[in-house]
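Novice: Based on the provided sequences and hints, a complete structural model is requested.
Okay, so the sequence shown: first residue is 107 according to the working numbering, each after it adds one.
Hints are computed from structural coordinates only; laboratory data are not their basis. Glycine included, each C-beta is placed from N, C-alpha and C at the ideal position. Some clues are possibly wrong.
Stated by the list, open to error - In silico EDC-like cross-links for lysine to aspartate or glutamate, where the CA-CA straight-line distance does not exceed 16 Å:
no.	residue 1	residue 2
1	Lys219	Asp194
2	Lys196	Asp228
3	Lys219	Asp110
4	Lys130	Asp147
5	Lys196	Glu232
6	Lys247	Glu236
7	Lys247	Asp186
8	Lys219	Glu232
9	Lys247	Asp194
10	Lys247	Asp235
11	Lys130	Asp158
As the list claims (entries may be wrong) - Restraint ranges, calculated between C-beta atoms of paired labels, are given here:
no.	residue 1	residue 2	range
12	Ala142	Pro181	36 to 46 Å
13	Asp194	Asp110	13 to 23 Å
14	Ala142	Met221	34 to 44 Å
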Amino acid sequence: MALDQSFVGRSYPATAPYEVGREKIREFAEAIGDPAPAYTDAEAARALGHPDVIAPPTFVFSITFRAAGQVVEDPQLGLDYSRVVHGDQKFVYTRPVRAGDRLTVTSTIEAIKSMAGNDILDIRGEVHDEAGDHVVTAFTKLVARAAGQEG
Numbered sequence: 107m108a109l110d111q112s113f114v115g116r117s118y119p120a121t122a123p124y125e126v127g128r129e130k131i132r133e134f135a136e137a138i139g140d141p142a143p144a145y146t147d148a149e150a151a152r153a154l155g156h157p158d159v160i161a162p163p164t165f166v167f168s169i170t171f172r173a174a175g176q177v178v179e180d181p182q183l184g185l186d187y188s189r190v191v192h193g194d195q196k197f198v199y200t201r202p203v204r205a206g207d208r209l210t211v212t213s214t215i216e217a218i219k220s221m222a223g224n225d226i227l228d229i230r231g232e233v234h235d236e237a238g239d240h241v242v243t244a245f246t247k248l249v250a251r252a253a254g255q256e257g
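Specialist: Written as structure tokens, this is what we have:
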């Protein structure tokens with residue numbers, strides 16, 4: 107059953123603030139195998155003009171994907187998450203995520219398409235800091251496979 111096109115443009119409430127910690131950034135950088143000093147050493151980050159360590163570009167995915175859960179779990183949308191695979195991800199930054207940031211995310215359904223029986227859902231996550239300034243926009247594409255397709 108195709109997802110309801112009337113949901114395109116629907117925005118969900120901003121998430122509670124997520125405080126970005128140095129240790130979380132370090133753990134993430136280690137997990138992805140990125141040894142860039144700006145991710146673990148405050149002095150190295152300051153030498154590059156940042157007030158504290160910065161996060162690798164994909165770090166924000168964990169925050170924005172959690173926020174997209176509001177969309178995924180919306181019972182009115184009717185998405186069968188057991189059939190969903192992650193299709194694509196893109197980030198457009200205004201500035202890097204930094205340790206100490208308190209970030210909120212507002213998710214909006216950008217598009218809903220049906221292709222070969224699959225539903226394709228595009229979600230935009232706008233990430234702002236405590237002052238309300240834009241930090242990054244995350245674009246997430248989810249594909250709900252048609253019944254009978256195994257992947």
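Novice: Now tell me if each hint is right for this structure.
Specialist: Quick rundown of the hints versus the structure:
For the hint pairing Lys219 with Asp194, the CA-to-CA distance comes to about 14 Å; that is within 16 Å, so the pair holds. Our distance criterion of 16 Å between C-alpha atoms is met by Lys196 and Asp228, whose separation comes to about 11 Å. As the CA atoms of Lys219 and Asp110 are separated by approximately 10 Å, the hinted pair is consistent with the 16 Å bound. Only pairs whose Cα atoms come within 16 Å are accepted, and Lys130 paired with Asp147 is accepted, the gap being roughly 13 Å.
For the given pair, Lys196 sits about 12 Å from Glu232 by alpha-carbon distance, which is consistent with the 16 Å threshold. This hinted pair does not check out: Lys247 and Glu236 have alpha carbons roughly 27 Å apart, beyond 16 Å. At roughly 15 Å between alpha-carbon atoms, Lys247 and Asp186 fall within 16 Å of each other, so this suggested pair holds. Between Lys219 and Glu232, the direct Cα distance comes to roughly 21 Å. Violation of the 16 Å bound is thereby established for this hinted pair.
At most 16 Å may separate the alpha-carbon atoms for a hinted pair to count; Lys247 and Asp194 meet this at roughly 5 Å. Between Lys247 and Asp235 the alpha-carbon distance is near 24 Å, which puts this suggested pair outside the 16 Å criterion. Simply put, Lys130 and Asp158 have alpha-carbon atoms about 13 Å apart, close enough for the 16 Å limit, and the pair holds. At roughly 42 Å, the beta-carbon separation of Ala142 and Pro181 lies within the given 36 to 46 Å, and the hint holds.
At roughly 22 Å, the beta carbons of Asp194 and Asp110 sit within the given window of 13 to 23 Å. Our hint of 34 to 44 Å for Ala142 and Met221 holds, since their Cβ atoms are close to 38 Å apart.
Comparing the model with each earlier hint shows violations of hints 6, 8 and 10; every other hint is respected.
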